[in-house]
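Asker: Residue-level listing of the chains:
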Amino acid sequence: MRMTMRDVRRDLFWLAVGLILFGARPAGAVPAFSRKYQTSCQTCHVIFPKLNPFGEAFRLNGYRMPAETAEQVKQPPVSLGAEAYKRMWPGMVYPSDLPSNVPFALNTKMENIYSSSQEDFGHQVIHNDFQFPQEVNLFSAGTLGTTFGFFGEITWAERPDGGSDTEIEHARLDVTSAFGPEHLVNFRIGKFAPNLYDGFQEMWLMTDNGVDTLFTYNPIGFRGGTGLADSGGGVSLPARARSIEMYGVAAHRFFYTVGVDSPIGPGGPNGTFGANSQKDLYARLDYKIGGMGLDGDTGGVKLPPENWREESLRVGILGYTGNGKDVNFDITDDSGNAFKMQDRRYNRYGVFASWYLGDLNVFGVALHGTDRLQLLDNETLAQISETTRNYDAWFAQADYVIKPPFQVSVRYENLRVADPTVPSIRTLNANFSLLIRANIKTMLEYHRDLRNSQNYTLATVLRFAL
Amino acid sequence: MKRFLCGVLFALATVPLLAGGIHGKVACAGQSDNGNAVVYVAKVPGKTFPPPKEHATMDQSNRVFLPHVLPVLVGTTVDFTNSDPYLHNVFSPDACADKFNLGTFPKGEKRSHTFRKECFAPVLCIVHPEMEAFLAVLPTPYFAVTKPDGSYDIPDVPDGSYTVKVWHPKLKGSEKSVSVHGATQADFQIAR
Chain A
62 MRMTMRDVRR
72 DLFWLAVGLI
82 LFGARPAGAV
92 PAFSRKYQTS
102 CQTCHVIFPK
112 LNPFGEAFRL
122 NGYRMPAETA
132 EQVKQPPVSL
142 GAEAYKRMWP
152 GMVYPSDLPS
162 NVPFALNTKM
172 ENIYSSSQED
182 FGHQVIHNDF
192 QFPQEVNLFS
202 AGTLGTTFGF
212 FGEITWAERP
222 DGGSDTEIEH
232 ARLDVTSAFG
242 PEHLVNFRIG
252 KFAPNLYDGF
262 QEMWLMTDNG
272 VDTLFTYNPI
282 GFRGGTGLAD
292 SGGGVSLPAR
302 ARSIEMYGVA
312 AHRFFYTVGV
322 DSPIGPGGPN
332 GTFGANSQKD
342 LYARLDYKIG
352 GMGLDGDTGG
362 VKLPPENWRE
372 ESLRVGILGY
382 TGNGKDVNFD
392 ITDDSGNAFK
402 MQDRRYNRYG
412 VFASWYLGDL
422 NVFGVALHGT
432 DRLQLLDNET
442 LAQISETTRN
452 YDAWFAQADY
462 VIKPPFQVSV
472 RYENLRVADP
482 TVPSIRTLNA
492 NFSLLIRANI
502 KTMLEYHRDL
512 RNSQNYTLAT
522 VLRFAL
Chain B
0 MKRFLCGVLF
10 ALATVPLLAG
20 GIHGKVACAG
30 QSDNGNAVVY
40 VAKVPGKTFP
50 PPKEHATMDQ
60 SNRVFLPHVL
70 PVLVGTTVDF
80 TNSDPYLHNV
90 FSPDACADKF
100 NLGTFPKGEK
110 RSHTFRKECF
120 APVLCIVHPE
130 MEAFLAVLPT
140 PYFAVTKPDG
150 SYDIPDVPDG
160 SYTVKVWHPK
170 LKGSEKSVSV
180 HGATQADFQI
190 AR
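Chains as they are written, first to last, in the numbering used here: chain A, 62 to 527; chain B, 0 to 191.
None of these hints come from the bench; they were simulated from the model.
Be aware that one or more of the hints could be misleading.
Computed Cβ-Cβ distance ranges for the label pairs, DEER-style [unchecked claim]:
1. K147(A) - D97(B): 16 to 24 Å
2. P51(B) - V362(A): 55 to 63 Å
3. P66(B) - V362(A): 40 to 48 Å
Short, incomplete list of chain B residues facing chain A, as computed with Cβ under 8 Å [stated by the list, open to error]:
4. G29
5. Q30
6. S31
7. P92
8. P121
9. L123
10. P128
11. E129
12. M130
13. E131
Restricting the straight-line Cα-Cα distance to at most 25 Å, the calculated cross-link-like pairs of lysine-lysine (BS3-like) are [what the hints assert, rightly or not]:
14. K42(B) - K116(B)
15. K171(B) - K135(A)
16. K147(A) - K116(B)
Quantities reported herein were computed from a predicted structural model and do not represent experimental measurements.
Built from N, CA and C at the ideal position, the CB exists for glycine as well.
Chain B with its partners taken away, still in its complex shape (with noise of 0.2 Å):
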């Protein structure tokens, strides 16, 4: 009996855990695919996040910043590395990133850079103009990239009533009030 209540217990304790996060589709009209949108819970009211410890990475690899389109929360230290045998540079033309460029680096070298401002900014490598990435510095931790089919999935947020935004390198965004009660669905269709 004292096993069962116990298990009862860690059930009830875990569901919201386990089951909470928004999770959908997002409809990219014009794109060849509906990847590199970025999701994300614009405020959690009355809660602060600290910056991360770890740092984000973003390799540039055959030519192409990896991945395209990096999320991130603010404060967070980016590492840009070099994966090719050749120089590469890295650089933001936006204020809101600080206008940062870390100079231009061999293969296996690291260059860092701390966002500390909410923005969607362009990460570029003057040696290659073709390169183009974006950094999206984002007020919360809730938030995921869509793949290319669409889906996302957003772990671990707690139940309230929050706004769901959108971001996409190249459409215009959205956003919605979502309802978050355990595993809750939003779609969202984003255009030019």
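Chain A on its own, in the form it takes in the complex (with noise of 0.2 Å):
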């Protein structure tokens, strides 16, 4: 049977309905920041979990305060071993502390949905669910001695059935400073959203909804992607890998990573294990002109006493690399003949920029994404044919602080997909946040289908971290 442009559109504006609907969004506040330090979120956020410079600066420093001394951290850790110690290895255990509280947090979120969407024969269909609660996450962070880390999230979500889902959405350990120049040579591994995205990724957007044309969009299609990936599937950017990355910050001003991760595939944002026996790799470069340095240094900045503000400009190139070989997509063609496909190399490339000018923060990625598709017999796997498609991605978004409890965030989406008989897909999200206590956050979001009026949700947020 063919599938109709009708057909296409309704199943991606309700697989867009979904991901808005039930899709579980990472929280990034960390209160147990707040508890080890003595201070207050707005130390590290603007409105949480959107860091400010010192935020940004405090996580790429393996969560402690750029310069720290004993003086700031106001919960003495337990000490595992004295630093004489140190000189004593490998004749003894190399010294290291532990929080002395153990350092959990907590955040809830609760969301009305009000969502109005199209049916075939134009029919509009309203829906307005409390989720209450949402998703709850659980988080641990914190530091082990002088050059370790560790920053853990487990997330409970509730199903539209009235199931649950849990997922372990972050489990790393990082290296600080390992060797070298501080803040040059740092390590992380485990399961964790990458520096790649760093700026853009949903755990440090101010809004509720993430950037799913860049992180859900699914190549896989008979003549290449046609939209966003459900949960089950889709090859695109991982949201979160598993992976050992490199990371740092030299001369205050340039940050590289690069890190090497299991392969997406099938398995929704975070890919699989053991897809198949190839490695992915990824790498980002940026500087940033103005405004505090990606370290926390502020040497030669005149810096406003408002600590959102600055004026400055970050860009960055970034790219992200892959074999799907071995990794079979079913896929059918416009007749419903059945086809497995491969997508035996992957390629993204993309820039980023952010730009801060007082109380507005400008930013946005456009991505370039090549993806050589075979398309293989689906029960002998003998290839069928390759084709490489290509597809397009960008947003820009505006986030103005209006005072701090109160900010504004528009972002426009625009995703050109590989099968050139699939219009773009085009989607506005506005916010409005309101911090009504400094760990407690209401949201009122607005995102909509530009492609049809009676497509859009208005969702109603309340979030809290203890």
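Assembling the complex is the task here: the two chains are given apart, and the hints tell you how they should meet.
Answerer: Structure representation (structure tokens):
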């Protein structure tokens, strides 16, 4: 049966609605650090989870204060060995320490979603759901001595059928300033949001919706990708990766990251274990002009007292490449005939820019993707054809701090899919955020499919962190 | 009159003794308090100091060495005691402290070591790796350890010009020339 354009549009829309309605979004505020340093959320966040320049430096510094001293740590850690043991290694165990309190933090999110969509015959369908709660995130984060740190997040999210899903969204060990100049060489191993997406991964966005056109595009299709993937499949960019990553800051202004991770493939935004024998590679290089240094350096710059403001421009280039050999996707042609498809080489190249001008932060990414798709016989897996498909995705977002408790944000997303018969996806996301208290936030967020005025959602979100 | 003259002579004779000394404050940048810095006179020209007969003492109580920093004159014997109801050990990995290891001993026992060289040595307990203290083995008996507010007082320093040094377990040391005339103030700032 041949899919009509209307079918494609309908499927795409319902997929997008599903992502909005039931997609668990990671939360990035970690009150465990508030406790450790006895400081407010606003030290690092504009409106959580969006990081201010200091928070970004804190994060890149392995969740330590820039130029941290003992007096800044208000909860002294538990020593696991005196300093003198460092000189005795390997004759003795190298000393470390533990957080004095179990460094747990909890984020809870409740959401009311009002959604409108147009069915096949023009009928408008309205839903209005109290998703109380929609998700709960349990964080654990801290440092282990002067070099190591850790970060973990377990998310419990409710499904529409009343069941729930639990996922380890982050579990990683950090090695901070492993050797060489401070901030230059750091490592992370585990499952985490790669620094490839620093500044635009949903973990650090102030909006409720993530940038789906970047992270959930599915390039697999008979004529190339047609739109967003559902949670069970797709190859685009992994929002979180099982990775070994090296990153660092040089001369206060240069940022780099390189990583190797398990290949992306069926299994949603995180990829899967053991999809094949390959490994994906990624890299990013940034430079920041003006404002606070990426390591928190303030030498030679005059910063305003309001810690969310600065005048700076950060630009970067990023790339991701991998091989989906032996990872078979089920597809059908226009007549319904079944095939397998492998993405034998996927490349993603992008540019990132973030411009701060006082209370305004405008940032965005433009990404070009190529996929070398092999069409295989459904039974014998014999190759039938091979085609290289291209797609382009970009977004631009403007965040504006009206007053510290009030912020507005507007984002436009555009995805030109690979299948030439399917129109581009264009969406608008507008958000108003209000900090009721430093750790209680409410948001009103409007998300609209710009191709059809009847396809939209209006979400009211309440989040609190402790 | 005789009594008056005797009083004046006594006062004149004792003023330097009563008033002589170095006091002041040490600011320890980045530390939770300003304690545990050792301030000492590095050298008194033409004078040597025999080691004291009295032993100094460092105790282990509630898995903490007390005091955390112990300054002693070169040649001093330090008695290490154990006040905890379980075994403790005392050793130092530093050559300047002879890499001594006093073994493991129970509550009530005492082990001693004589520190014969100038040294700043960590003292550790291998049974409880988190325990740490420091011995500052110094060339003169003119020393003091700062209180948490950074204040110190080195009494009975004869008038003269000296190099006064500061040592801290975690911070870079400092020194300055100080001319002592009676009670003399010398403040320091040290940092990492």
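Asker: Quick check on the hint: G29(B) CB to chain A CB, less than 8 Å?
Answerer: Constraint on G29(B) satisfied, holds at 3 Å.
Asker: Next item in the hint list is P92(B). Is there a CB on chain A closer than 8 Å to its CB?
Answerer: With a closest approach of 5 Å, the P92(B) hint holds.
Asker: S31(B) was flagged as interface toward chain A. Is the shortest Cβ-Cβ separation under 8 Å?
Answerer: With a closest approach of 5 Å, the S31(B) hint holds.
Asker: Determine whether the Cβ-Cβ distance between K147(A) and D97(B) falls within the hinted range of 16 to 24 Å.
Answerer: Once the Cβ atoms are compared, 21 Å apart, the range 16 to 24 Å for D97(B) and K147(A) holds.
Asker: Under 8 Å, Cβ to Cβ, is where P121(B) needs to be relative to chain A, so tell me if that hint holds or is violated.
Answerer: holds (4 Å)
Asker: For the pair supplied as a hint, K147(A) and K116(B), is the alpha-carbon distance within the 25 Å limit?
Answerer: holds (23 Å)
Asker: Is it true that the CA of K171(B) sits at most 25 Å from the CA of K135(A)?
Answerer: holds (23 Å)
Asker: So, E129(B) near chain A? Judge it on the closest CB pair being under 8 Å.
Answerer: This interface hint holds because 4 Å falls under the 8 Å limit.
Asker: Can you let me know if the beta-carbon spacing of P66(B) and V362(A) is within 40 to 48 Å?
Answerer: holds (44 Å)
Asker: Just to be careful: measuring from the Cβ of L123(B) to every Cβ in chain A, is the smallest value less than 8 Å?
Answerer: holds (6 Å)
Asker: Holds or violated: the hint that E131(B) contacts chain A, with Cβ atoms closer than 8 Å.
Answerer: holds (3 Å)
Asker: State, for the Cβ atoms of P51(B) and V362(A), whether the hinted interval 55 to 63 Å holds or is violated.
Answerer: This hint holds: roughly 56 Å between Cβ atoms.
Going through the hint list in order, the structure satisfies each hint without exception.
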